[in-house]
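Read off the chains here:
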Amino acid sequence: MREEFVRTAEEVLADPRSVLVLADISAAAFDPAAARYPDRVVNVGIREQLMVGVAGGLALTGQRPIVHSYAPFLVERAYEQIKLDLGHQGVGAVLVGIGASYDRAASGRTHLGPADVALIDTLDGWTVHVPGHADEVRPLLRAAVCGSGSAYLRLSTRSNATAYPEADGLRVVRDAGPGAPLLVAVGPALDAALDAVADRPVTVAYTHRPRPFDTTGLRALAGSEVILVEPYLAGTSTRVVSEALADRPHRLLALGVGRADLRRYGGPEDHDRWHGLDAAGLRRSIDAFLGPTV
Amino acid sequence: MTTTTATELAALLDRVRAGREFGPNVYSTLDVLQVLYDRVLRVTPATVDDPDRDRFLLSKGHAVAGYYALLAARGFVPVEWLDDQGGPASRLGDHPDRTLVPGVEIGSGSLGHGLGLGVGTALGLRAQGRTNPRVYVLLGDAELDEGSNHEAVAYAGATGLANLTAIVVDNHSATHGWPGGAASRFTVNGWSAATVDGRDHDALHRALTGHDHHRPHVVVAVVDGGE
Numbered sequence: 001m002r003e004e005f006v007r008t009a010e011e012v013l014a015d016p017r018s019v020l021v022l023a024d025i026s027a028a029a030f031d032p033a034a035a036r037y038p039d040r041v042v043n044v045g046i047r048e049q050l051m052v053g054v055a056g057g058l059a060l061t062g063q064r065p066i067v068h069s070y071a072p073f074l075v076e077r078a079y080e081q082i083k084l085d086l087g088h089q090g091v092g093a094v095l096v097g098i099g100a101s102y103d104r105a106a107s108g109r110t111h112l113g114p115a116d117v118a119l120i121d122t123l124d125g126w127t128v129h130v131p132g133h134a135d136e137v138r139p140l141l142r143a144a145v146c147g148s149g150s151a152y153l154r155l156s157t158r159s160n161a162t163a164y165p166e167a168d169g170l171r172v173v174r175d176a177g178p179g180a181p182l183l184v185a186v187g188p189a190l191d192a193a194l195d196a197v198a199d200r201p202v203t204v205a206y207t208h209r210p211r212p213f214d215t216t217g218l219r220a221l222a223g224s225e226v227i228l229v230e231p232y233l234a235g236t237s238t239r240v241v242s243e244a245l246a247d248r249p250h251r252l253l254a255l256g257v258g259r260a261d262l263r264r265y266g267g268p269e270d271h272d273r274w275h276g277l278d279a280a281g282l283r284r285s286i287d288a289f290l291g292p293t294v
Numbered sequence: 001m002t003t004t005t006a007t008e009l010a011a012l013l014d015r016v017r018a019g020r021e022f023g024p025n026v027y028s029t030l031d032v033l034q035v036l037y038d039r040v041l042r043v044t045p046a047t048v049d050d051p052d053r054d055r056f057l058l059s060k061g062h063a064v065a066g067y068y069a070l071l072a073a074r075g076f077v078p079v080e081w082l083d084d085q086g087g088p089a090s091r092l093g094d095h096p097d098r099t100l101v102p103g104v105e106i107g108s109g110s111l112g113h114g115l116g117l118g119v120g121t122a123l124g125l126r127a128q129g130r131t132n133p134r135v136y137v138l139l140g141d142a143e144l145d146e147g148s149n150h151e152a153v154a155y156a157g158a159t160g161l162a163n164l165t166a167i168v169v170d171n172h173s174a175t176h177g178w179p180g181g182a183a184s185r186f187t188v189n190g191w192s193a194a195t196v197d198g199r200d201h202d203a204l205h206r207a208l209t210g211h212d213h214h215r216p217h218v219v220v221a222v223v224d225g226g227e
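Going down the list, the sequences are from chains R and F.
Read the first sequence against the UniProt record's numbering and you will find it ends at 294, with the numbers running on by one and no gaps.
Read the second sequence against the UniProt record's numbering and you will find it ends at 227, with the numbers running on by one and no gaps.
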């Protein structure tokens, strides 16, 4: 997805309104773009507060900033700049994070970003895109840059086998018929979720835009049992689902990355397993929630 | 150029004060604000949305009483707005909000945000080929404690961001001080600098117009007392 981001960002830089703001991460990949647009590829060095502050200032002059780093450095380290230098100034930017929850698992806690979407969700008016396949990145980034509000693109090295470019709203991938439990999978969590319910009558819907969440689609598809599978902090979308279904008796299972610092390395697949987000782990949680198959 | 008289300003400040006591920080910033708005900034109420206007970013957002008084004196906001400053229906908070007050370039209050926004503004103007407007950011010496400023100082100096001026009102309020002077934090990073008496209007004017168009410029306005 990072390669697709680099390619697409170079494309959108053809628009003189666009400016890419970096803090060393991925800077080498943008060397050709920097040579072509020296005033609109800005690398501030390892200075994330400045990176977001600069984006705010650029937006105040009418430019459209694209801001990029690892998720924890982009969203967590510079959170107050995101809140004040963008939101409070009444201007927008497109933030593009890499690393996701644990793409760089062997790097340890400092490079893990499972709370990024939850943090962005404390702010007003943001769109969050979580592509599940590299082919979903280009249209999402182009649309975000063409807009004027603030958007966060959460890129990952994890991927589903199939791309679904049209999945801003809930897109039914597997229909188990009326009354079946609904599973909503976000971004790269889809394939493991599909595996987990392969032998159960569960409707599976996919989205790569958890904010704003497609509550209309949710109300149309949901029966009395809803399962959320998110590739970031567990429960991040519990609030929006509960509010959307507040007038209906329903049960909700929210699966995602746990809060604990596991202090373990390995690869992303290991962390999937430890957080119960591999197909077997999801199946265990879903079986416990729905009860035995009959 | 019309100037704001001390008497006029004092009367406007009294309307903001409404019987409250101002801290010394209000008075320490007043002179530099007066020189900026009377003699330096190329912005008027008619040009607050002109892309070629000069930008003044008040980073130390608590220095707001004199700022509002100056904005009223120069016609950016109605003088009547001063009377209920901070009230439930007022657009003038104890920290300024750019979306509520004409002529205010940034919302500030949390220290250490103005200089980064100023660097971005200067970069945006440069990317648009606007070589005429200049970006002025006013900070306090205690505000320099915030590390975000030093990210901006180092970057602006290293890249020779020539359309940026920082103004540090130095009333010796930084808890651990700046041995060697606040200006040295900038000059070591390649800025030009002038340290002047923050009450001397002519000296302030010379310093505020003393940039050389090749690198960013800092004016340290030394004022005794205040925060």
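Where hints are given, some of them may not hold.
Per label pair, the in silico range of CB-to-CB distance [what the hints assert, rightly or not]:
no.: 1; chain 1: R; residue 1: Pro-32; chain 2: F; residue 2: Pro-102; range: 38 to 46 angstroms
no.: 2; chain 1: F; residue 1: Gly-19; chain 2: R; residue 2: Leu-252; range: 28 to 36 angstroms
no.: 3; chain 1: F; residue 1: His-95; chain 2: R; residue 2: Thr-293; range: 57 to 65 angstroms
no.: 4; chain 1: R; residue 1: Ala-260; chain 2: F; residue 2: Thr-44; range: 40 to 48 angstroms
no.: 5; chain 1: R; residue 1: Ala-14; chain 2: F; residue 2: Ser-90; range: 23 to 31 angstroms
no.: 6; chain 1: F; residue 1: Gly-86; chain 2: R; residue 2: Asp-124; range: 22 to 30 angstroms
no.: 7; chain 1: R; residue 1: Gly-45; chain 2: F; residue 2: Arg-42; range: 37 to 45 angstroms
no.: 8; chain 1: F; residue 1: Gly-129; chain 2: R; residue 2: Arg-259; range: 46 to 54 angstroms
no.: 9; chain 1: F; residue 1: Phe-22; chain 2: R; residue 2: Arg-259; range: 22 to 30 angstroms
no.: 10; chain 1: F; residue 1: Thr-47; chain 2: R; residue 2: Arg-142; range: 47 to 55 angstroms
no.: 11; chain 1: R; residue 1: Asp-124; chain 2: F; residue 2: Pro-102; range: 46 to 54 angstroms
no.: 12; chain 1: R; residue 1: Glu-166; chain 2: F; residue 2: Arg-42; range: 28 to 36 angstroms
Far from chain F, by Cβ distances over 12 angstroms, these chain R residues were calculated [as the list claims (entries may be wrong)]:
no.: 13; residue: Val-6
no.: 14; residue: Gly-53
no.: 15; residue: Leu-58
no.: 16; residue: Thr-61
no.: 17; residue: Pro-65
no.: 18; residue: Gln-89
no.: 19; residue: Glu-166
no.: 20; residue: Gly-217
Just so you know, these hints were derived from the structure itself, not from any lab.
For each residue, glycine too, the CB sits at the ideal point set by N, CA and C.
Hint-by-hint comparison with the structure:
1. R:Pro-32 x F:Pro-102: 38 to 46 angstroms: This hint holds: roughly 43 angstroms between Cβ atoms.
2. F:Gly-19 x R:Leu-252: 28 to 36 angstroms: Given about 55 angstroms between the Cβ atoms, the range is violated.
3. F:His-95 x R:Thr-293: 57 to 65 angstroms: The hint (57 to 65 angstroms, Cβ to Cβ) holds, given that His-95 of chain F and Thr-293 of chain R are roughly 59 angstroms apart.
4. R:Ala-260 x F:Thr-44: 40 to 48 angstroms: Given a distance of about 58 angstroms, which is not inside 40 to 48 angstroms, the answer is violated.
5. R:Ala-14 x F:Ser-90: 23 to 31 angstroms: Taking Cβ atoms as reference, Ala-14 of chain R and Ser-90 of chain F lie about 45 angstroms apart, which means the hint is violated.
6. F:Gly-86 x R:Asp-124: 22 to 30 angstroms: Since Gly-86 of chain F and Asp-124 of chain R have Cβ atoms about 24 angstroms apart, the given range 22 to 30 angstroms holds.
7. R:Gly-45 x F:Arg-42: 37 to 45 angstroms: violated (32 angstroms)
8. F:Gly-129 x R:Arg-259: 46 to 54 angstroms: holds (49 angstroms)
9. F:Phe-22 x R:Arg-259: 22 to 30 angstroms: violated (46 angstroms)
10. F:Thr-47 x R:Arg-142: 47 to 55 angstroms: Given a distance of about 35 angstroms, which is not inside 47 to 55 angstroms, the answer is violated.
11. R:Asp-124 x F:Pro-102: 46 to 54 angstroms: violated (24 angstroms)
12. R:Glu-166 x F:Arg-42: 28 to 36 angstroms: The hinted range 28 to 36 angstroms is violated for Glu-166 of chain R and Arg-42 of chain F, with Cβ atoms some 50 angstroms apart.
13. Val-6: holds (20 angstroms)
14. Gly-53: Per Cβ check, Gly-53 of chain R is inside 12 angstroms of chain F; nearest 2 angstroms; violated.
15. Leu-58: It is violated; Leu-58 of chain R is separated from chain F by about 4 angstroms at its closest Cβ, not greater than 12 angstroms.
16. Thr-61: violated (3 angstroms)
17. Pro-65: violated (8 angstroms)
18. Gln-89: It is violated; Gln-89 of chain R is separated from chain F by about 6 angstroms at its closest Cβ, not greater than 12 angstroms.
19. Glu-166: Non-interface label on Glu-166 of chain R holds, nearest chain F Cβ at 34 angstroms vs cutoff 12 angstroms.
20. Gly-217: Gly-217 of chain R clear of chain F: closest Cβ-Cβ about 33 angstroms, beyond 12 angstroms.
In this structure, the earlier hints numbered 2, 4, 5, 7, 9, 10, 11, 12, 14, 15, 16, 17, 18 are contradicted, and the remaining ones agree with it.
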